[in-house]
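One-letter residues, chain by chain:
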Amino acid sequence: MESVVDQGWADVERTYQDEGPFEIMPIAYSIEYKEKMDILRTLMKNNEKSERALKLTEDIIALSPSNYVIWKYRQEIIKELNVDLKGELNLFVEYAEENPKCYQLWHHRQVIIEKLNDPLDELQFIHDMLQYDSKNYHAWTYREWIVRHFNLWDEEIKFSDTMIKDDDRNNSAWNYRFFILTEKPDNDIEAVLKDEIEYAKQKINFDPTNQSPWMYLKGIIEKSKYKLADFADELLPFCENLQKIEPYKYALEYQLYTNESILKTLNSEKEQEQQKDICRTICSKLEECDKIRKKYWKYVRESY
Amino acid sequence: MGVLDLPFSFDEISFNDGGIQTESSLVQMEVENDVKPLFQPYHVLEENRINYDHINLNRHAHIKFLRVGLKGLSSQAVGLDASQAWICYWILHALDLLGATLSKSEIERTINTISACQNPTGGFGGGPQQFSHVAPTYAAVNTLAIIGTEEAYNVVDREKLYEWFMSLKQPDGSFQMNEGGEIDVRGCYCVIATAKLLNILTPELTKDVAEFVASCQTYEGGIGGYPGNEAHGGYTFCGLATLEILNKTDYIDSEALMEWLTSCQMKLEGGFQGRINKLVDGCYSFWQGGSFPLLEAIYTRNQEQFDPCGFFDREALQEYILLCCQNQYGGLLDKPRKSPDFYHTCYCLSGLSLAQHYYNYDTIQNDFKENPELTTIVGKVSNLIRATHPVHNISMVKEKRITSYFSNSSIVNIGSNESISSSIEIITNKPKEEQV
Ligand SMILES: [Zn+2]
Chain A
33 MESVVDQGWA DVERTYQDEG PFEIMPIAYS IEYKEKMDIL RTLMKNNEKS ERALKLTEDI
93 IALSPSNYVI WKYRQEIIKE LNVDLKGELN LFVEYAEENP KCYQLWHHRQ VIIEKLNDPL
153 DELQFIHDML QYDSKNYHAW TYREWIVRHF NLWDEEIKFS DTMIKDDDRN NSAWNYRFFI
213 LTEKPDNDIE AVLKDEIEYA KQKINFDPTN QSPWMYLKGI IEKSKYKLAD FADELLPFCE
273 NLQKIEPYKY ALEYQLYTNE SILKTLNSEK EQEQQKDICR TICSKLEECD KIRKKYWKYV
333 RESY
Chain B
55 MGVLDLPFSF DEISFNDGGI QTESSLVQME VENDVKPLFQ PYHVLEENRI NYDHINLNRH
115 AHIKFLRVGL KGLSSQAVGL DASQAWICYW ILHALDLLGA TLSKSEIERT INTISACQNP
175 TGGFGGGPQQ FSHVAPTYAA VNTLAIIGTE EAYNVVDREK LYEWFMSLKQ PDGSFQMNEG
235 GEIDVRGCYC VIATAKLLNI LTPELTKDVA EFVASCQTYE GGIGGYPGNE AHGGYTFCGL
295 ATLEILNKTD YIDSEALMEW LTSCQMKLEG GFQGRINKLV DGCYSFWQGG SFPLLEAIYT
355 RNQEQFDPCG FFDREALQEY ILLCCQNQYG GLLDKPRKSP DFYHTCYCLS GLSLAQHYYN
415 YDTIQNDFKE NPELTTIVGK VSNLIRATHP VHNISMVKEK RITSYFSNSS IVNIGSNESI
475 SSSIEIITNK PKEEQV
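Protein chains in written order, with this note's numbering: chain A, 33 to 336; chain B, 55 to 490.
Okay, chain A solo, but in the shape it has when bound (with noise of 0.2 angstroms):
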């Protein structure tokens, strides 16, 4: 069989795979993948760290992005090769825009940049990345992960809007940003808590039907120190007149949680009584609008 691979590893003897006497389910390798594995295995067993194990790495990177195995190797060498880490991260980017959702790519990409110490332009290259797919799971999850380790909170709150403006129900946008509010050291939510109100209302009046702020709205105001009823008296109404026209679930479900809350602050059985009927009635509304979820209703219905 002729060789796929240049001259320089002729002195390297292949390890083949070895998948027992009877292999169940055998990928049909092409012949460079089969060839540059076996090299791989060899280099590995002689754990060598070299420019040309480098190489290699990379090329096979190329067949099979997601091999868990090549990118660890591939750091190791990184560690004792003095490699340009900067050109590292470019082959990310390669990578990167036909495998979005790969773990590895993400994950070595944190290894470099944790080495270089160095946050670079990584905010604006995630978001270059979630120009592609807004909702990337594992941009987020870099992204907070760059923002904690390096401490760059102060601009973020500015991107969250930026993405939300993008797109309103980007919830991973939405997560972000109580995220940052919540997670910024010395942060201080009540004192942001009026304008974050104002913020999810904004949203919510342009686009009721849209889920995240609604979930936004009482999750910041949870977070705070006080509770839903503190601001019964503001947003009962807000609910009440944006169903003028027609009703919306997650305005009820909103009202639902407001006086659930305010149940919790009464002491006379007959004004709980009276609250317990409100919230009742509220659950019947939603059995009615919000049918998938009908047998969930009516199970908070009778837990009045």
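Please note that the accuracy of each hint is not assured.
To be verified - Each pair of labels, with its calculated beta carbon distance range:
(1) B:430 <-> A:77: 48 to 56 angstroms
(2) A:182 <-> B:458: 45 to 53 angstroms
(3) B:357 <-> A:151: 50 to 58 angstroms
(4) A:133 <-> B:430: 29 to 37 angstroms
(5) A:160 <-> B:61: 44 to 52 angstroms
(6) B:66 <-> A:117: 51 to 59 angstroms
(7) B:455 <-> A:40: 47 to 55 angstroms
(8) B:66 <-> A:193: 33 to 41 angstroms
(9) A:310 <-> B:461: 48 to 56 angstroms
What the hints assert, rightly or not - Here are a few chain A residues that sit away from chain B, every Cβ distance over 12 angstroms (derived from the structure):
(10) 37
(11) 125
(12) 148
(13) 199
(14) 238
(15) 261
(16) 270
(17) 303
(18) 334
For the record, the hints were derived by calculation from the structure and aren't laboratory data. All residues carry an ideal CB built from backbone N, CA and C; glycine is no exception.
Following the hints, complete the assembly by docking chain B with the ligand onto the known chain A.
Chain B with the ligand only, in chain A's frame:
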């Protein structure tokens, strides 16, 4: 229940963008437009509608699709070179659910290949001579459990595997996926579920795991991969199943989780989205659907009264899987227009199984019990597939067999640390409520 039965036109329950188009709303409407024509012939308002009883699980085509995979994968599959243990699990579990019997040769070859993936450290790699990683380790042990023979069980070196798991443990209770690898809730589930099947759960292995998982629950109610990450169906199942094994489901807010989880079932499609404002995907039939029996078990333990058939619309989920996720030539898929693959075949069928079978939590034996009286089958009666275990996602029978096999064998001689091995001996052979 179910969507086909709703006396409304599909347009009435379609997504309404309120006149505001965004990327999210456009793709959502595309999917709905693909789904509607598949549902329409069966819709209750349709004249000359086709009876639901004709809805068919294309069992033979799926078995054939999976069997062809076992024979060998094309060179296109090279990207899955490090996922061989996973593919074994996906195919074997799907075949098991479909009631296919493995041939002697298929069993031998699987044991052989899985053994070849095992490293001297006790962990398993994604393929032969690949270093260990907790995800393929979980897949490999589940595969051996599905084979279910003593020979298969004995492939595992439990002492070594235990030590390797311990070497991945982080100070915050979580686990790295491999040496130097990433950390997230998947790692917790893969380690804890595997250790549970093999009866190697110890207090030091489980230390602070529940705390880590709980710290990943978000303001939405679901669980993310890492503290601060967005709530996500896959991580939610992994986190919740981990807590169930550890008997620590009280570490999270189960009401908030239920609220989020039920809101992920799509009102028209009937399947689940993995995150809020994302699209339906067949694999979340399991990841999201799988959290229901676990949450229902919590509610049962808390003596809450709820619908005897649980909290989600089981008919609607089956309708989505059967009408939108089957490829006519075999295999199941994410959503219409997508190609079938082994991963989606496995998790669509696992979701179908959970939607058909109902599990009661037995508070005396502390285990999940199938309740045959509450079985719900959409379409032909012959669509019924085997019941999957809601924590391990191998069939109920296979879970029982492996846990009883290892229940009497404590592992001794773990490391040189006397107290560790004795702590393992203490917890083996004891009913669940006395552990840890
Ligand atoms: Zn999927």
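Quick rundown of the hints versus the structure:
Between residue 430 (chain B) and residue 77 (chain A), the C-beta spacing of about 54 angstroms keeps the proposed range 48 to 56 angstroms intact. A C-beta distance of roughly 51 angstroms is found between residue 182 (chain A) and residue 458 (chain B), which places it inside the suggested range of 45 to 53 angstroms. Separation of residue 357 (chain B) from residue 151 (chain A) is about 51 angstroms and conforms to the stated range, judged on CB atoms against 50 to 58 angstroms. A beta carbon spacing of about 34 angstroms between residue 133 (chain A) and residue 430 (chain B) agrees with the range 29 to 37 angstroms that was offered as a hint.
A C-beta distance of roughly 48 angstroms is found between residue 160 (chain A) and residue 61 (chain B), which places it inside the suggested range of 44 to 52 angstroms. Range check, residue 66 (chain B) to residue 117 (chain A): about 57 angstroms between beta-carbon atoms, so the 51 to 59 angstroms window is met. A C-beta distance of roughly 52 angstroms is found between residue 455 (chain B) and residue 40 (chain A), which places it inside the suggested range of 47 to 55 angstroms. At roughly 34 angstroms, the beta carbons of residue 66 (chain B) and residue 193 (chain A) sit within the given window of 33 to 41 angstroms.
Taking the beta carbon of each, residue 310 (chain A) and residue 461 (chain B) are about 51 angstroms apart, inside 48 to 56 angstroms as hinted. Against the 12 angstroms criterion, residue 37 (chain A) stays outside the reach of chain B, whose nearest CB is about 16 angstroms from its own CB. The beta carbon of residue 125 (chain A) is kept farther than 12 angstroms from every beta carbon of chain B, the shortest such distance being approximately 19 angstroms. Every CB of chain B is more than 12 angstroms from the CB of residue 148 (chain A) (nearest about 17 angstroms), matching its label as outside the interface.
Not every C-beta of chain B lies more than 12 angstroms from that of residue 199 (chain A), the closest at about 4 angstroms, which undercuts listing it as non-interface. Residue-level check failed: residue 238 (chain A) sits 7 angstroms from the nearest beta carbon of chain B, not beyond 12 angstroms. For residue 261 (chain A), the requirement that its beta carbon stay farther than 12 angstroms from each beta carbon of chain B is met, with the minimum near 17 angstroms. A cut-off of 12 angstroms between C-beta atoms confirms that residue 270 (chain A) is not in contact with chain B; the least separation is 17 angstroms.
Against chain B, the non-interface label of residue 303 (chain A) holds: every CB pair exceeds 12 angstroms, the least being about 23 angstroms. Consistency note on residue 334 (chain A): stated as away from chain B, yet its beta-carbon is not over 12 angstroms from all of that chain's, at 7 angstroms minimum.
The structure is inconsistent with the numbered hints 13, 14, 18, although it conforms to all the rest.
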